[in-house]
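> Protein chains in written order, with my numbering: chain A, 1 to 165; chain B, 1 to 139.
Among the clues, some could well be false.
[To be verified] Residues from chain A that keep clear of chain B, each with C-beta distances beyond 12 angstroms, as calculated: (1) Thr48; (2) Pro63; (3) Thr104; (4) Gly109.
[Said to hold, decoys possible] With a Cα cut of at most 25 angstroms, we get these calculated SDA-like pairs of lysine to any residue: (5) B:Lys98 to A:Pro62; (6) B:Lys105 to A:Ala125; (7) A:Lys150 to A:Gln97; (8) B:Lys19 to A:Pro62; (9) B:Lys7 to B:Tyr129; (10) B:Lys7 to B:Lys98; (11) A:Lys29 to B:Val113; (12) B:Lys23 to A:Phe78; (13) B:Lys22 to B:Gly67; (14) B:Lys98 to A:Leu118; (15) B:Lys122 to A:Lys150; (16) B:Lys98 to B:Gln82.
If you're looking for bench data, these hints aren't it; they were derived computationally from the structure.
The structure presented is a predicted model; accordingly, all values stated were derived computationally and were not measured.
Where a beta carbon is used, it is the ideal one built from N, C-alpha and C, also for glycine.
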Amino acid sequence: MSAAQKITNPLFDKRLITAYVDAVLKTVKTMASTDVTAEKPFIENNFTQKGEIAGSLGLIAPPLRGNLLISFEKASIFSIMENMLGEKYTELNKEVQDAVGELTNMIYGSSKTTLNQLGYNFEMAIPTVITGSFLLSHAATATTLIIPFKLANSSIFYIQITIQS
Amino acid sequence: MFPQNTKFLVVDDFATMRKIVKKVLAELGYTNIEEADDGKTAWPMIEAALQKGEPYGLVISDWNMPGMTGINLLKQCKTIPQLQAMPFILVTAESEQKHIIEAAKAGVSDYVVKPFNSATLKQKLERVYAKHFPQAKAA
Numbered sequence: 001m002s003a004a005q006k007i008t009n010p011l012f013d014k015r016l017i018t019a020y021v022d023a024v025l026k027t028v029k030t031m032a033s034t035d036v037t038a039e040k041p042f043i044e045n046n047f048t049q050k051g052e053i054a055g056s057l058g059l060i061a062p063p064l065r066g067n068l069l070i071s072f073e074k075a076s077i078f079s080i081m082e083n084m085l086g087e088k089y090t091e092l093n094k095e096v097q098d099a100v101g102e103l104t105n106m107i108y109g110s111s112k113t114t115l116n117q118l119g120y121n122f123e124m125a126i127p128t129v130i131t132g133s134f135l136l137s138h139a140a141t142a143t144t145l146i147i148p149f150k151l152a153n154s155s156i157f158y159i160q161i162t163i164q165s
Numbered sequence: 001m002f003p004q005n006t007k008f009l010v011v012d013d014f015a016t017m018r019k020i021v022k023k024v025l026a027e028l029g030y031t032n033i034e035e036a037d038d039g040k041t042a043w044p045m046i047e048a049a050l051q052k053g054e055p056y057g058l059v060i061s062d063w064n065m066p067g068m069t070g071i072n073l074l075k076q077c078k079t080i081p082q083l084q085a086m087p088f089i090l091v092t093a094e095s096e097q098k099h100i101i102e103a104a105k106a107g108v109s110d111y112v113v114k115p116f117n118s119a120t121l122k123q124k125l126e127r128v129y130a131k132h133f134p135q136a137k138a139a
């Protein structure tokens, strides 16, 4: 029996949290020379929007289905992008949306490698980016694991993982 | 290392990643850089460049893209005899063994795992050049 099959709810699998935290720290440090601090993860019983822009992708690891959202406050994504591309950003334009998509892609890819080695079977996915006010209809009443990350300027971004039962 | 007049094709569905790769190439002094947002857009560019007698000296492509993936673009290139020796780097967030094996079997020159920094990409470029042009390295 694989490790994934033994898990009843992956949101309570410490290895999943570690894989995402490591993927975030590595991606932001390598691509943007930026140090971030992982804050204490917590669970919300209903999905609530965090941040003003988010990269979203479907988490498919049969029989598990869920959603990964990486939600950024404006100040956090502007700071990461400035360090990554050497340019200042002040509005949530197309370039910022694109960068959020690529960061989501890298963080997911990095965590997927770790988790699949542990027995999960996450598939490749292409992220979409959402801005403004949004609601994940399929996740509205789902339990959500949230991991906040803080930058040196105190701005925050979040990983939000929902698993559909 | 690749000569300064080398013609590059950077393929990625995310403009941010194209910008990052182009930035590294520009830092290395390269200016002849074209870009495409997926394999489907890149393929006619590769064909046209070949017909014009000015083939790309190196293709740097993402793997996971809508339209046509990077691995399929690589496989497509390998079906044309004149493109079989064209250096081709896959840049991807996929670092699982099965993907690396698939890319190696398809004849990729090298494989860059995202996230990466400019030093890593530069190192891969040097390695790919040495692999494709061993005489130049010895010279």
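> Take a quick look at whether Lys98 (chain B) and Pro62 (chain A) sit within 25 angstroms of each other, Cα to Cα.
Within the cut-off at roughly 18 angstroms; holds.
> Given the proposed pairing of Lys98 (chain B) with Gln82 (chain B), does the C-alpha separation stay at or below 25 angstroms?
Given that 25 angstroms is the threshold and the Cα spacing comes to 28 angstroms, the pair is violated.
> Does the no-contact call for Gly109 (chain A) survive, Cβ to all of chain B over 12 angstroms?
Violated, since 2 angstroms does not exceed 12 angstroms.
> If you draw a straight line from the CA of Lys7 (chain B) to the CA of Tyr129 (chain B), is it 25 angstroms or shorter?
holds (13 angstroms)
> CA of Lys29 (chain A) to CA of Val113 (chain B), is that 25 angstroms or under?
OK: Lys29 (chain A) and Val113 (chain B) at ~15 angstroms, within 25 angstroms.
> Does the structure keep Lys150 (chain A) and Gln97 (chain A) at a Cα separation of 25 angstroms or less?
Distance of about 20 angstroms is within 25 angstroms: holds.
> Would you mind confirming whether the straight-line C-alpha gap from Lys22 (chain B) to Gly67 (chain B) stays at or under 25 angstroms?
Since the Cα atoms of Lys22 (chain B) and Gly67 (chain B) sit roughly 22 angstroms apart, the hinted pair holds (cutoff 25 angstroms).
> Hinted pair, alpha-carbon criterion (25 angstroms max): Lys122 (chain B), Lys150 (chain A). Please report holds or violated.
Cα-Cα ~31 angstroms, so violated.
> Would you mind confirming whether the straight-line C-alpha gap from Lys105 (chain B) to Ala125 (chain A) stays at or under 25 angstroms?
holds (23 angstroms)
> Within 25 angstroms, alpha carbon to alpha carbon, are Lys7 (chain B) and Lys98 (chain B)?
The hint is violated at about 31 angstroms.
> Going straight from one Cα to the other, do Lys23 (chain B) and Phe78 (chain A) come out at no more than 25 angstroms?
Holds - the C-alpha atoms of Phe78 (chain A) and Lys23 (chain B) are around 19 angstroms apart, at most 25 angstroms.
> Beyond 12 angstroms from every Cβ of chain B: is that where the Cβ of Thr104 (chain A) lies?
violated (10 angstroms)
Of the numbered hints stated above, those contradicted by the structure are hints 3, 4, 8, 10, 15, 16, listed in ascending order.
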